[in-house]
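Enquirer: Chain by chain, the residues:
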Amino acid sequence: MTSPCPAHDTLVSLIDGELAETRARAVRAHVESCARCRAALGELEALVADLRAPVPDALGQSPEAFADEVLARLASRPARSSERRSALLGRAAPFLAAAACVALAVGVGWRATSRRAADAEFSARGAASLSAPDDDPRRTLVRFGRVRDGVFEPILDGAHVRADDILVGEVGATEGAQRYLLAFVVDAAGERHWLYPAWEVGAPRPVASALPRTASPRVLGTMVRLEDPAPGPAQLVAIVLRHAESVDFVEQAPASELTRERLAARYPDALISVTRIVVEVR
Amino acid sequence: MGELLPFSREPRPADTAAESGGALAVRSDEELMALVRGGSKAAFRVLVVRHAAKVVSFCARISGDRAAAREIAQDVWLAVWDARARWEPRTRFASYLYTVAFSRARNHARSRRRRAAVFSAAPLDADLVPTSSADEIERLLERERRNRLFEALRDLPDDLREAVVLRFVEELSYEEMETVLRAKSSTLRSRVHHALARLKARLGKEAP
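Chains as they are written, first to last, in the numbering used here: chain A, 1 to 282; chain B, 1 to 208.
There are no misleading hints in this set.
In silico DMTMM-like links for lysine to aspartate or glutamate, alpha-carbon gap of 20 Å or less:
| hint | chain 1 | residue 1 | chain 2 | residue 2 |
| --- | --- | --- | --- | --- |
| 1 | B | 41 | B | 29 |
| 2 | B | 54 | A | 50 |
| 3 | B | 54 | A | 57 |
| 4 | B | 54 | A | 69 |
| 5 | B | 200 | A | 43 |
| 6 | B | 184 | A | 257 |
| 7 | B | 41 | B | 31 |
None of these hints come from the bench; they were simulated from the model. None of the values given here were measured: they were computed from a predicted structure.
Given only the sequences and the hints, what does the whole structure look like? Please build it.
Expert: Here it is in structure tokens:
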């Protein structure tokens with residue numbers, strides 16, 4: 001008497017290597033004696049073999065010619081002004097033109113209403129490193145806000161941020177040596193959305209934004225709107241550095257490397273600020 | 001404010017005579033990458049040649065854009081070069097390479113969808129030369145089958161496509177996939193099964 005035919009899912013588990021050995025042996029024994037299951041398994045195996053085969057016409061040249069093209073691009077990069085690199089790196093939609101208008105419209109108004117909260121927040125951030133030298137990045141005061149109805153609202157821990165909110169950073173205590181900012185949102189799907197630097201197709205190479213030197217808090221000149229963020233818990237991360245670090249590490253690292261602790265270990269002399277937020281998508 | 005400053009990453013001098021030529025071809029990926037860290041373009045070229053076809057195919061599958069796959073793959077390699085100093089020798093190079101490729105290709109897929117209303121990005125099939133040779137016909141049929149599979153894969157939802165490619169094409173374990181896709185292995189198993197079922201159903205319907 002033959003055993004009953006296994007479910008299609010079981011055949012998938014078999015080729016996926018996910019069946020326990022005893023079960024796998026039983027299924028293989030059945031398949032040997034059942035033409036229908038043999039055909040079904042054969043189709044799945046052919047499908048997987050095709051999946052593993054090179055995509056037709058994708059490379060379109062010899063591997064050596066491809067490698068030479070890569071090296072040629074490497075050699076020519078100092079002159080690459082029109083390279084579309086940013087389109088492949090960036091996820092945030094720069095909101096530059098509109099942002100400039102908004103900054104002019106609200107730049108004075110919001111500061112008057114939020115200055116007290118800003119001072120309190122900045123003091124709290126700066127307190128831990130008051131003994132550091134004046135030009136130590138860890139003394140930098142940095143926070144973020146959203147602009148709603150022409151009013152700046154600070155984004156505090158646990159804040160709900162709408163996907164269409166206009167976001168902007170504010171910095172202070174940046175006198176002394178030049179400092180640089182990397183700021184980004186890691187959304188619930190682990191995607192990175194850049195705030196600073198924000199860039200678009202044709203923009204210069206993506207490196208950290210140079211911060212203005214200022215003792216009192218100043219809003220930055222670029223505002224950003226996230227593009228297609230995943231809804232749910234997210235982190236707004238700011239890293240203030242002594243050097244114009246590339247965005248590459250943040251872009252390429254697993255999201256698990258972007259916690260406050262891991263980033264502090266990677267950038268021991270930098271200020272690391274992590275704000276938990278919740279992204280709402282309508 | 002928000003000013004972008006240039007950041008120089010000039011390669012260090014390397015590529016000694018001992019590192020060039022056929023001797024490099026027998027070195028492991030990790031050994032080559034150690035040389036790349038020191039600035040060896042000869043070692044870098046060997047790595048690119050070795051992985052070129054697989055990385056381009058991977059980029060095509062994840063992005064769903066065969067026409068752009070080569071350019072995406074070039075960007076992947078430039079990123080590998082740029083980040084060479086930060087490469088951890090304990091890491092398996094292939095895992096690192098496909099993590100970078102996945103990020104770039106997925107990003108392109110999203111960017112491409114945003115432009116979909118502007119551009120019609122359907123790639124044209126390459127020239128199919130009429131032939132009467134049995135081998136040639138078999139080759140063309142195989143190519144046509146793989147083309148249809150590529151299109152079926154491209155039309156899958158992102159989460160299913162990414163899961164099935166990482167599992168069956170790159171042969172990542174479910175534990176490795178958890179890190180890349182940030183989902184539980186039980187969810188990923190389910191996605192892989194659904195993806196295969198949908199591919200099989202679609203290709204079955206389209207079969208001549």
